[in-house]
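Chain order of the listed sequences is A and B. Just so you know, we're using the working numbering here: the first sequence kicks off at 31 and counts up by one. Just so you know, we're using the working numbering here: the second sequence kicks off at 31 and counts up by one.
These aren't lab readings, by the way, just hints derived from the structure by calculation. Just to be clear, a hint being listed does not mean it is correct.
Claimed, not checked - Partial chain A-side listing against chain B, Cβ under 7 angstroms, derived:
| hint | residue |
| --- | --- |
| 1 | 81 |
| 2 | 175 |
| 3 | 177 |
| 4 | 180 |
| 5 | 208 |
| 6 | 211 |
| 7 | 288 |
| 8 | 338 |
| 9 | 342 |
| 10 | 350 |
| 11 | 365 |
Said to hold, decoys possible - For lysine-lysine, the following DSS-like pairs were computed, each having C-alpha atoms within a straight-line distance of at most 25 angstroms:
| hint | chain 1 | residue 1 | chain 2 | residue 2 |
| --- | --- | --- | --- | --- |
| 12 | A | 195 | A | 82 |
| 13 | B | 167 | B | 119 |
| 14 | A | 82 | A | 119 |
| 15 | A | 344 | B | 323 |
| 16 | A | 119 | A | 319 |
| 17 | B | 378 | A | 344 |
| 18 | B | 82 | B | 195 |
| 19 | B | 323 | B | 344 |
| 20 | A | 344 | B | 344 |
| 21 | B | 344 | A | 378 |
| 22 | A | 378 | A | 332 |
| 23 | B | 195 | A | 332 |
| 24 | B | 195 | B | 167 |
| 25 | A | 167 | A | 323 |
| 26 | B | 195 | B | 119 |
| 27 | B | 370 | B | 119 |
| 28 | A | 378 | A | 344 |
| 29 | B | 167 | B | 378 |
| 30 | A | 370 | B | 323 |
| 31 | A | 332 | B | 319 |
| 32 | A | 344 | A | 323 |
As the structure is a computational prediction, the values presented were derived from the model and not from experiment. Glycine is no exception: its CB is placed at the ideal position from the N, C-alpha and C atoms.
2 protein chains.
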Amino acid sequence: MSYSQTLSDRLDSLQAVNGDVLSVTTGGRTYEGTLMPHHDFSDPDVLVLKLKSGYNVGIKVGSEDGVDLVQRPEVPAPKKRDKPVTGNKPRVAIIGTGGTIASFVDYRTGAVHPALSTDALVSQVPELADLADIDSKVLFSIFSENMAPHHWQELALAVANELNKGAEAVLIPHGTDSMGYTAAALAFMLGEIPRPVILVGAQRSSDRPSSDSPSNLLAATRFAIEQDVAEVCVLMHDGPSDDSFAVHFGTRVRKMHTSRRDAFQSINVAPLATISPDGVTINHAPRRKSDVKVEARMALEKDVVLLQYFPGMKPWHFERAVSGSHGAVIAGSGLGHVNKEMVEFISKSIYGGTPVVMTSQCLNGATNLGVYDTGRDLLQAGVITVDDMLPETAYVKLMWSLANSDDVATTMRTPIANEMSERREMNV
Amino acid sequence: MSYSQTLSDRLDSLQAVNGDVLSVTTGGRTYEGTLMPHHDFSDPDVLVLKLKSGYNVGIKVGSEDGVDLVQRPEVPAPKKRDKPVTGNKPRVAIIGTGGTIASFVDYRTGAVHPALSTDALVSQVPELADLADIDSKVLFSIFSENMAPHHWQELALAVANELNKGAEAVLIPHGTDSMGYTAAALAFMLGEIPRPVILVGAQRSSDRPSSDSPSNLLAATRFAIEQDVAEVCVLMHDGPSDDSFAVHFGTRVRKMHTSRRDAFQSINVAPLATISPDGVTINHAPRRKSDVKVEARMALEKDVVLLQYFPGMKPWHFERAVSGSHGAVIAGSGLGHVNKEMVEFISKSIYGGTPVVMTSQCLNGATNLGVYDTGRDLLQAGVITVDDMLPETAYVKLMWSLANSDDVATTMRTPIANEMSERREMNV
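If we strip away everything but chain A, and leave its shape as in the complex, we get:
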C-alpha cells in the first residue's frame, strides 16, 4: 500500500483497513462503499471504493480540501475470504491473458501496465465468490495487440481442458485491442462446446475511477451461470449506463471505439443478449448447454494476410502481400470491389493455390459480387465470397479453414459459428 502520507494518515486515524466501509464526501457528492486494495502504481492520493452497485470508483482524497472521510462501522464490513467457499457453487474457470482489465495505472507516467494477477483481479470483485467457486489462473500477461495466432491455440487448449474438467463456464479477461479476433478464433477452434466461454475486457484499468473491469467480470459470471447458453461470446458494457451490458457472438463483434466502455458492437446481427437492471433479453436461439466433450481443432495456417483495399492500391501491393502467404482476405470497397487492374493478379494468386476471400470495408451489410462488372470478374477469377462476414472474422476463419478443411471455399461459405448469415445462392 503506497498511499500518500496525507491520505495514509487520514486512513490510519480512522483505523480503516481494506474491506471496511467508508463514506467519502467530495464536491457535494457522497460515495459509500468498501475500501479496496491500493496498488503500488496507483495515484497515491486516490482511494478506491466498491459501491453497492458493484461498481468501483476512484476518489482523489489526499490533498484535496473539503473531502470528508468517515468510517461507517455500523455497516458490517464484508466477510474476509481467504478462499471462496467450495462445494455448492458452480465452478467457473477464469483464464487470465492480460490487457487493461488486469492492469494498473502508473500514476507517475499515467501509463497502464499489465500487472494484476487473475487472483488479484478476482479479489477486486469479492461478489464473484458469492456466485461461483472461482478457479483462476494466468495463462498470459500481455496487452492484446501482442496476441498472435499461437496464443489463440494455447488459449483454446486451456479452455477445452477446463470445459472437459467440468467447469460451468470459462471467463477470459482479455485486452480489448484484439479481443474480437481471439473470440472468433476460439469459436472456430472449439467447435461444439457444452457451456459458455465468455471473453471480457475493460476499457479503463482496474484501479481507475469508473473502471469497467469489476462490472464486466461480475456481469459475465452471472450471465454464464444463470443463462443456458453455450457459445463463445464477448461481454462488455452496452451504452452509457453503468448497469447495461451486451453479450456478442465471438464471430460477430468488433471494437468500434478507441475508448468508450461500450466500444464493442455486434455487426450485422443483434447482440446474442442484452443485460439491464430489468433482466436479460436473449435475442437469438443460441446453442444450449449439452454434455458434449470439447474436441478442439486448433490447427491454423498462420501465413494469411488481411488487406484493406484503397484507391491507390496497385497490383504489386497485392502481389507482395500474398507472396509467401497461403491465403488472403481483402476488405474491398462497397459490395466487395477492387480496381480492375488487380483482378488479373488476384486470379493468378487463386490459380496458384492461394485462395482470396472478399469482404467489405463498409463492415455493415453483405458483399454481392453479382451486381457490377468488377464483382463478376472477381467471381470469375474464383474469389470466395462470404456474405456479411466481418473482414476480421474472415481472416481468422481462413487461417482455420486452410488447416482444417479439404475444401476451403465451401467451408468459408458455410456458416459454422454464427459468423455469417445463411448462404445466399446468388453470391456463390
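Fit chain B to the supplied structure of chain A, relying on the hints for placement.
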C-alpha cells in the same frame, strides 16, 4: 423505349407519353406520378413514375394481373423542356464521374452498367431546371472502385475551373465505393473555396424502383443554392426516410454499409447538416461563401500505402508494403497499436525517410499513444499521430502532405479541412 409488348400496348391505348401523369394501382397501393423515360437495359415490364415527393418509383406492370393503369389528363403534364431557361437562376455545374448514380440495370443479367450521361441524369430530375441553370458535363464514366489518385487531380482541376468561372455550386455525381476518399482528396486539394462542392451518389441505380439518385441530386442542388456553406461535402440519404438527408464533411465521412441508402455516416463528428421536410439543420459553423479564387494544390505523392493491422502481422508484411513507398498509414488496433515486433521496423522506415501515420481500425474515437507501452514506443520511433482522423482520410492527407509540405508531421497533425479535432498536446 423498349417496353414489353403488353406494357407498350397498354401505354399506347392510353396515348401516354413521357411526362404524362399516370395513376397506377397494384397490390392495393396507388402510385400517381409523371411517366419517366424508359431505357434500353431496363426491365421491359417496369415503368418508372416520378412521384410528387420527387422520388422515382419503378412499378412492374406488363404482365401482372390486377394492375390498373389510368391516364390523369386532368393533372397538367409538366412543361417539356428542351433546355433549362437560363439567365435568372444560379448556375450549378454538374461534373459526372460515373457510378451507380449514373447507371442502368441490364434486366437480362441484373447487372448495373455506368451508362447514363450527365445530361440524361439531369433529364431524370426535371425539377433541377426549376432551381438552377444546370451546366453538366461528363468527366469520367467509371465505377468508383476504379477511381485512382490521378482522377482526383483531374477532378480537382475541373472543379476549380467551374468555381473560378463563377459556378454557384459544383455537384459531383460519384460512385459510392470510393466517394469518401475522393471527397477528402478534393477537400485537401481545393483548399479555400468560395462556394460548395457536393459529391452525391446513389446506392440504387437510376432506373430502379426507389432509386435514390433523383432525390439525392435534387436535395444537393437545393442545399447548394439555398445554404451559405462553402465546403467540400457528401450528401446522401439519412435514415430510412425518403426525404431525410445528411450532408457530411468530405474528410469525415465513410461508407458504412454495402447497400443501404443511408450508408454514409459522419464519423467522430455530427454531420455538417441534416435535411428533413421540416427544414435544414446546420450542426457546425462552416466556412461561408466568399469571393476567394480557388488555387488548387493538386500535387500528390501517389506511393502511399494504407495497412490494417491484424494479429498475425509480421514485420516483413510491413517492410514489404512500405518498400518503394514514400509513406504509410496504419489502421492500428485500439488506441493505435501494433505488436511489439513491428516497432523496430516502423522506426527503421521513419528514419529512412518514409513517414508512418497511426490511426485506429476502431474508426470511432481518437488514437492516444501515451497510455500503453506499445504506444509510447511508437511515439519514440517517430510515428505521427492524428487524433480522431479516419484511416482513409489520413491516407489521402499523407499523399497530399508529402507533395505540398516541407514538414509532413506538422501538416498531418494540424487540422486544415475539418479532418480532425483540434490537436491534443498529449498525443504529440
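Hints, verified against the model:
no. : hint          : in the structure
1   : 81            : violated, 25 angstroms
2   : 175           : holds, 4 angstroms
3   : 177           : holds, 6 angstroms
4   : 180           : violated, 9 angstroms
5   : 208           : holds, 5 angstroms
6   : 211           : holds, 5 angstroms
7   : 288           : holds, 3 angstroms
8   : 338           : holds, 5 angstroms
9   : 342           : holds, 5 angstroms
10  : 350           : holds, 5 angstroms
11  : 365           : holds, 5 angstroms
12  : A:195 - A:82  : violated, 34 angstroms
13  : B:167 - B:119 : holds, 18 angstroms
14  : A:82 - A:119  : holds, 22 angstroms
15  : A:344 - B:323 : violated, 35 angstroms
16  : A:119 - A:319 : holds, 18 angstroms
17  : B:378 - A:344 : holds, 24 angstroms
18  : B:82 - B:195  : violated, 34 angstroms
19  : B:323 - B:344 : violated, 48 angstroms
20  : A:344 - B:344 : holds, 21 angstroms
21  : B:344 - A:378 : holds, 24 angstroms
22  : A:378 - A:332 : holds, 21 angstroms
23  : B:195 - A:332 : violated, 57 angstroms
24  : B:195 - B:167 : holds, 15 angstroms
25  : A:167 - A:323 : holds, 22 angstroms
26  : B:195 - B:119 : holds, 15 angstroms
27  : B:370 - B:119 : violated, 61 angstroms
28  : A:378 - A:344 : holds, 15 angstroms
29  : B:167 - B:378 : violated, 47 angstroms
30  : A:370 - B:323 : violated, 37 angstroms
31  : A:332 - B:319 : violated, 55 angstroms
32  : A:344 - A:323 : violated, 48 angstroms
This entry does not satisfy hints 1, 4, 12, 15, 18, 19, 23, 27, 29, 30, 31 and 32, going by the numbered hints stated previously.
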